[in-house]
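Participant: Here is what each chain is made of, one letter per residue.
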Amino acid sequence: MKNKELRFTLLLLLPVALVLFAYVLYPSLRTIIESFSSKEGFSAATYDTFFNSESKSNLEALWNSVYISLLSVFLSACIGIPLAFIFNKFDFPGRGFFSSIAILPIVLPSLVGVMAFMFLYGESGLVPNAIKDLLGLKKVPFSIGGISGILIVHAYTMYVYFYMTVSSTIRSIDPSLEEAAYNLGASRLTVFRKVTLPLLTPAIVGASLLVFMTSMASFSAPFLLAGGFRVLSLQIYFSKVNGNLQMAATQSVILSIVSIAFLLFMRWYQNRKDYRMSSKGIGAHRSEVKNPYIKWTMVLIGIFGVVVLLLPHATILLLSLVPDGTWTWQKYPTKFNLNNFLLLFNEPRIWDPVRNSLLLAFIATAGNLVFGVLTSYVLVKRKFIGKNMLDILVMLPWALPATVVGMNLILAFNEPSVFTFGNILVGTFWILPLAYFTRHIPLVVRSTNAALEQLDDSLEEAARNLGAKWFYTFRRVVLPLVMPGVLSGTLLAFVQAVGEFPTSVLLYTLSNRPISIEIMNQLRMFNMGQAAAYGMIQISLIGIVLFISNKFLGVKAERSL
Amino acid sequence: MSSITLDAIAKSFGKVKAVHELNLEIKKGEFFTFLGPSGCGKTTTLRMIAGFYYPTKGSIKFGEKDVTRVVPEKRNTGMVFQNYALFPHMTVFENVAFGLKVRKQSSSEIKRRVEDALKKVRLDQYMMRQVSQLSGGQQQRVALARALVIEPDILLLDEPLSNLDARLRDEMRTEILRLQRDYGITTIYVTHDQVEALSMSDRIAVFNAGVCQQIGTPKEIYNNPANDFVASFIGETNLIPVTPAAADAGTIRLNWNEDSGKSLVLHNYHQGKWSELSSQPLSVSIRPEALEVLEQPAGENTFEGKVEMAQFTGAALQLFIRIGSRLVQAMVLNNLTLRELEEGDIVYVRFPEQHMRLLPRVMGEEEHEE
Chain Y
1 MKNKELRFTL LLLLPVALVL FAYVLYPSLR TIIESFSSKE GFSAATYDTF FNSESKSNLE
61 ALWNSVYISL LSVFLSACIG IPLAFIFNKF DFPGRGFFSS IAILPIVLPS LVGVMAFMFL
121 YGESGLVPNA IKDLLGLKKV PFSIGGISGI LIVHAYTMYV YFYMTVSSTI RSIDPSLEEA
181 AYNLGASRLT VFRKVTLPLL TPAIVGASLL VFMTSMASFS APFLLAGGFR VLSLQIYFSK
241 VNGNLQMAAT QSVILSIVSI AFLLFMRWYQ NRKDYRMSSK GIGAHRSEVK NPYIKWTMVL
301 IGIFGVVVLL LPHATILLLS LVPDGTWTWQ KYPTKFNLNN FLLLFNEPRI WDPVRNSLLL
361 AFIATAGNLV FGVLTSYVLV KRKFIGKNML DILVMLPWAL PATVVGMNLI LAFNEPSVFT
421 FGNILVGTFW ILPLAYFTRH IPLVVRSTNA ALEQLDDSLE EAARNLGAKW FYTFRRVVLP
481 LVMPGVLSGT LLAFVQAVGE FPTSVLLYTL SNRPISIEIM NQLRMFNMGQ AAAYGMIQIS
541 LIGIVLFISN KFLGVKAERS L
Chain W
1 MSSITLDAIA KSFGKVKAVH ELNLEIKKGE FFTFLGPSGC GKTTTLRMIA GFYYPTKGSI
61 KFGEKDVTRV VPEKRNTGMV FQNYALFPHM TVFENVAFGL KVRKQSSSEI KRRVEDALKK
121 VRLDQYMMRQ VSQLSGGQQQ RVALARALVI EPDILLLDEP LSNLDARLRD EMRTEILRLQ
181 RDYGITTIYV THDQVEALSM SDRIAVFNAG VCQQIGTPKE IYNNPANDFV ASFIGETNLI
241 PVTPAAADAG TIRLNWNEDS GKSLVLHNYH QGKWSELSSQ PLSVSIRPEA LEVLEQPAGE
301 NTFEGKVEMA QFTGAALQLF IRIGSRLVQA MVLNNLTLRE LEEGDIVYVR FPEQHMRLLP
361 RVMGEEEHEE
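Respectively, the protein sequence lines represent chains Y and W.
First residue of the first sequence? That's 1 in the working numbering, and the numbers climb one at a time after it.
First residue of the second sequence? That's 1 in the working numbering, and the numbers climb one at a time after it.
Don't read these hints as lab results, they were simulated from the structure.
Be aware that one or more of the hints could be misleading.
Claimed, not checked - To give an idea of the chain Y side of the interface with chain W (calculated C-beta under 10 Å), a few residues:
{"hint": "1", "residue": "K4"}
{"hint": "2", "residue": "R476"}
{"hint": "3", "residue": "L481"}
Unchecked claim - Below are the PhoX-like pairs computed for lysine-lysine, each with C-alpha atoms no more than 25 Å apart in a straight line:
{"hint": "4", "chain 1": "Y", "residue 1": "K335", "chain 2": "Y", "residue 2": "K4"}
{"hint": "5", "chain 1": "W", "residue 1": "K15", "chain 2": "Y", "residue 2": "K383"}
{"hint": "6", "chain 1": "W", "residue 1": "K27", "chain 2": "Y", "residue 2": "K4"}
{"hint": "7", "chain 1": "W", "residue 1": "K17", "chain 2": "Y", "residue 2": "K469"}
{"hint": "8", "chain 1": "Y", "residue 1": "K4", "chain 2": "W", "residue 2": "K74"}
{"hint": "9", "chain 1": "W", "residue 1": "K61", "chain 2": "Y", "residue 2": "K381"}
{"hint": "10", "chain 1": "Y", "residue 1": "K381", "chain 2": "W", "residue 2": "K74"}
{"hint": "11", "chain 1": "Y", "residue 1": "K4", "chain 2": "W", "residue 2": "K306"}
No residue lacks a Cβ here, since even glycine has one placed at the ideal position from N, Cα and C.
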């Protein structure tokens, strides 16, 4: 019987391990192998070129990527941490509203967000030009582009990581800890330095890690804003477009190594101390701001913040209403109508990318759902040797930059392999769903894990004790209970797949273009109206999904990260 | 309903031996309790009977049927879990009906039997509630109804009262007993609470460190504990480590290990029992209520002592009396005959022979001083 249990675990484990090996591990290995192989066999020539080339373009790109990421971490922290404190420690009119607006940047898919920033703050952007005209200046007072552009976009989209993690930790800190410190005679500053800040360490470390890895992997912002500025994720794309696959592989390996090294460093740093709270948080006390000047200043700043935060969304909406060809030499758009949206639904050529994206995302996410539930069940509820290995494999696509995941799939499946039943996947319809699927394995598995860990083992035991077989128990007890968690993760994976840009741009085929590629094309043809209309579709999809998760699945938006 | 036979079962988790070789026979319809401190192996044994663990060695029989390697869902046992394990996404009715649905009963039959079971636990008016809307005691009763409605051969209860407050616990104790008598079902009850064990059980097995220390009726276990662990785990007792000094013709003299010069004398000690015991380390156990506290010395087995603490508990006076290096606990009933005792008073403590138990010592020294 012990053997029966073991056999059953193996039966569940087999498909999981097979899929992870075929579509996560094997492609990564192929990339490493590719980076070392040239026509003459084994060679580290590309690594040589990378580190010693006279042009130094690769080293420069590596250095740029790292320091942009570090600066992004710093800037995001500077915005996110104070905001978290203000919203969770003080009470003033409109606090609830402002704090819910503060997470809105996550509703913007990266490519669409970058596009909004271009039209808002770029050389011919609306804000700089408006200021110029209002003040009667000769030149625009400022404009973003290159490094500053990338950094501003990063800060805008990534401060949310700091804001959310720090907020939820502040809320979970038992107020009596701070009160105990005051009671022992500590001053406000000492309490902050010695008690509050150390307790926030895990949150800050976690957010830094997220921001660093997201910036290292960031593709859309440099793609549209970098100009001549080089970053590593973009270099991979250029190498691939230029047909230098070995170089692309080498760059992928190096980018992954930096990302994963940072991940390991942060894990190590975090594990040096135990920060777990022994008591459950009892809702932090917020102190009401009494001084009317400070109070109304805070409200004013809040309103200003809301405007800044919502400008990109508003810009996309505005642009989507500008018909093609009516905003060319004019400084500001003059004509507005719903033409772009009508075209979207009437013109099959323009609707096609939307349909493609929805279909691709649906296939990928359906796969994620089935695979995620199975994997998570095995990881959480079954005992076997090598669980850690499996866990690492599951998380690998999260640690790898999207561009690298794309490269891995190209290098693995541009030739027939057993895992594709002898077919070449690159250049076919199936490569994109596979890419989206691989990218979102960690997301779905993790959200399912969280739900399954909440599920007490005794529920399953009770069902079996009452005579139910494993499958009946799984169907009637386990699944219904974890479904909300599973669905919220899956829905998020779906919208992210719809908006996915970095892997799409590496893998798409002309006959099967997803939305993000079409946005890029429309931008190239200066049809920003149509591009923005596509963007609006993505924004609304994300909005709907967050709303459903929040309303019906009882999952808070901040948990969906 | 069926009897249960555990034949030399043992369970190890890796290198840790959770249950050492255990032999046990539970009769049809018996209310049998596994009693012991946490980590003693009682829950592990229960889970082996339910089928959630398979024993490393030995076999389990329900009646004549060997079930050692039968999967849990085929055993027809009804289990009540410590946290109740009610399905949170189902109503009270659906929870109780679960086992019947699995057994493919017709829906009218299910309805009849669920209603019947809920009536028995007096929850029939809560049938359509979500389980989260019930109080702890009500959830407990749903869990009982769910386990009983499938008419299991054996009812397994895993510390079912530990999550309830004291008043509810008393109420549920009677409720469980009533249901068990109603259904006449063989029941195994796991608990660390000696009061529950003594008041509910037909028989008790006392566990410690994976070993079953003693099996017996509540009276046997309280009055004739098998060793010093059982004596101290069940009720309060004074344990005095002793070494035999002389033994002849049924009279035994036992020297206190820690106080030279003090000794206890037992007359008429059973010869056969003595030969069994004499080679082991020994302790004398005597319950606080059996000690006699006197104002004058009164012959054999009487020691002078000083009252160190006197606590009035209403029904009795609880005394901690220093005798030599030892602190003994005595309980004097509040029958108004004794003069007011205060801390610092000198008294004489008599150890009546019929209340002294000479027991093998299995606990380490530090375990005595709790």
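Participant: Could you run down the list of hints and mark each one as holding or not?
Facilitator: Verification of the supplied hints:
no.	hint	result
1	K4	holds (8 Å)
2	R476	holds (8 Å)
3	L481	holds (6 Å)
4	Y:K335 - Y:K4	violated (71 Å)
5	W:K15 - Y:K383	holds (17 Å)
6	W:K27 - Y:K4	violated (31 Å)
7	W:K17 - Y:K469	violated (30 Å)
8	Y:K4 - W:K74	holds (15 Å)
9	W:K61 - Y:K381	violated (29 Å)
10	Y:K381 - W:K74	holds (21 Å)
11	Y:K4 - W:K306	violated (66 Å)
Hint compliance for this structure: hints 4, 6, 7, 9, 11 are broken, all remaining hints hold.
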